[in-house]
Amino acid sequence: MKQIHLAAQLPGIHNTTVWSDPRSESQIDVESFIKLARTAERGKFDFFFLAEGLRLREHKGRVHDLDVVGRPEGLTVLSALAGVTTRLGLAATVNATFNEPYEVARRLATLDHLSEGRAAWNVVTSFDAFTGENFRRGGFLAEADRYTRAAEFLATARELWDSWGAGDVLADRAAGEFIRPAAGEFTHQGQHFDISGRFSTPRGPQGHPVVIQAGESEEGREFAAAEADVIFSKYDDLDQARAFYRDVKRRLAAYGRAPGDLLIIPSATYVLGDTEEEAAERAAAITRAQVGPRTALTFVEAVWGHDLSGYDPDGPLPDIEPAPDNLVLKGHSTFRKDRAATARRWRGIADERKLSIRELVIEVTGRQTFVGTPRTVADAIDTFVRTDGADGFVLVPHLTPGLDDFVDSVVPLLQEKGVFRADYTGTTLRDHLGLAPRTGAPRTEKEAS
Amino acid sequence: MTSLHLAVALDGAGWHPAAWRAPDARPAELFTAGYWADLVTEAERGLLDFVTIEDELALQTASLHLPDQRTDQVRGRLDAVLLAARLAPLTSRIGLVPTANVTHTEPFHISTGIATLDHASHGRAGWRPQIASRAADAAHFGRRATPQLTSEDVQDSTLIAARLLELFGEASDVVETVRRLWDSWEDDAEIRDAATGRFIDRDKLHHIDFEGDRFRVRGPSITPRSPQGQPVVTSLAHAVTPYEFAARSVDVVYITPHTHDEVVTVTAQVQEAQRTVGRTGAPLKVFADLVVLLDDEPGAAAGRTARLDELAGTPLTSDARIYTGSAAGLADLLLDWRDAGLDGFRLRPGALPHDLRGITRRLVPELQRRGAFRTAYTATTLRGHLGLSRPASRYAVPR
Ligand SMILES: Cc1cc2nc3c(=O)[nH]c(=O)nc-3n(C[C@H](O)[C@H](O)[C@H](O)COP(=O)(O)O)c2cc1C
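Those protein sequences? They're chains A and B, same order as listed.
Sequential numbering from 136 applies to the first sequence in my numbering.
Sequential numbering from 339 applies to the second sequence in my numbering.
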């Protein structure tokens, strides 16, 4: 029976996090992270996932103040979590544009050592020069070059991880040999990186940390098919998800890979109730908390490219033409492309169904993936995975840290069905994901031959 | 009598190059969390102010300025900031001070990493900014050339400082940028005002707009202001240029005098550096670094050092004074040097865990008997241990 993979994400900087609920705890206090990680590990989840953003969003030139703002540096907080968990995978999002391979490879190898083989890296590329203003190097890459840099970045990181063989740390007291000669030697020459020397961190338990890709463009899909172990997608609509799943899995053969070598794990939300009605009511209330009047206006401003502060969120859409070249919401990936088309579509929906601004935004942004009783949610998740909409989900709770309800009520039902593990059977994240270990470092092979 | 501050510098199997071959060393475990957890909990049992964790963006080398091909010494490291974070939840009082590079690492990443360590440790984070001048380090990044030390330079710390003047200037810019980012969120910026729907008061978040000759950073940070506001910044210095860098940029400086008289002259130079740069606020805390090999039986430490020297093939040398002997003798030396004008010491254990235990189980009780060291932690943050107050954000205006 097809097994489901589950991950947990700490809710963060989107309007989907309902911080106004008194039960919502801190998004920065380490205790929130520890609580969610322990809950996820109690639920036998595959991994804990952290998103990254390297610049605070700005709306009309000022820091956006309606959503949760502020988060810790991912790899650092995950290292702390490695000390309070024993099996849970730890996945950090780390940008390939505003970092260098030597450092990122080293930090990921370190997390892999510190967690005994539970590290993962979500390789993302920045989408704007706006973010570049926080870095010495500035915003220096065109959109198309970002994936070529990301691909070369990842390839380089792999060369660095492979520069130490699994047995290169000898620690042989009697012989006085601490390492094998030439351990860590590397040379990489390419379009984006021309580096050489000695990599300073020995090979981690997984050899290569698990690699995750997030992004849906043609380039993103090819990059994932060639290189990634996991895709973090946003397709939580079953039909679209199946089409994406077929498309990506089809691409694997060209790279000599089998369908099981790349897992597709969309992000998903859930709302539970004792009855269907209760869950639906709760979902509606959550959506209204997520899309307040000012949030609704902000979204429409982001698409329209105008200051619409004079409009009533409970009134109709503005009758003015959109100016989608004007970026009023910076640092938000959703609104960076196709805003003219989005405006036409939104206007169509609003006109047809006579929706106010706020109703429209709830309609177009406020979808909950799984709503129902624990039983119906467990069934829906199972169906989604069994019919190849996905290989599992990254669950994002509405409240920080959240997830207890899911782990207590839905996970046991999935376990009963035999579609989710009753306990961990391995110790590394690669074990949990059913991925082959990365073995056979080139240098070791070279020595053997 | 003021009580002195004590820190321990953790590095590999200890500061003797052959320490990893000592009978009680754990050389096969240097890349495991368990090894470091045992060390840092031992240091915390000894009520030490903080531990430092060494790092660099290259493989270790026996020579200051060039890589080597040796296989007989410890080679390989974990990232110090992440290692410190791994240790944070396992401890509750001791300060955690990793090294992070300022020449090749982005200031923004340093600022969020150390602030996160401060959040993860509830206020126990520090940082040692480190300059990298080796061409081999620069080749790992392929972005820039750095002034390379010559074999003549490395004989003399003043020549080193002169060669690296530009990098020290840049280091000041990096520390300034990091500190501004730490202040870029005022403490009470998060308001969660459900009535108006505002999560933060954006008037309390600030663009830092650092503009120097070498780089610009806009800000604000992505990470809210951390428990200490400003984590403790420390640096190691051997000459006037780095003393001035320390006076301008850090809270605690480690110096390497070899005699009581040198303590007097170097601390005077550090005072002078503070006047030269016009330091305001709390004066620099001055710690002396010492390599220590401790055994109470007469001759035992010397014998142990000799055995390690033999394994290493050369006698132990160091930039810092090497003390070999009993804990009581070390206590005498520390108190004598303290009276010459020091705030504390950073002890570099010759071999781990042996010499760390010598510090926590013999030296510390000896100092306590003499009324020169705390008998319990009285603060929960690193600034608290050091007697540093928590600064307000520089951007906070009285409202
Ligand atoms: C589910 C999902 C999660 C993402 N998480 C992050 C993130 O945490 N940080 C980030 O900088 N970008 C994130 N991205 C953005 C992607 O890395 C990528 O830059 C963006 O989707 C554009 O890629 P594309 O053109 O292939 O779609 C995410 C994208 C998706 C679909």
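These aren't lab readings, by the way, just hints derived from the structure by calculation.
What you are looking at is a predicted structure, and each value in this text was computed from that prediction instead of being measured.
Please note that a few of the clues may not be correct.
To be verified - Quick look at which bits of chain B chain A covers, simulated, 3 or more residues with Cβ under 8 Å:
| id | region |
| --- | --- |
| 1 | 363–375 |
| 2 | 402–413 |
| 3 | 454–465 |
| 4 | 695–702 |
Glycine included, every Cβ here is placed at the ideal spot set by N, Cα and C.
- Query: Which of the numbered hints are not met once you compare them with the structure shown?
  - Reply: 4
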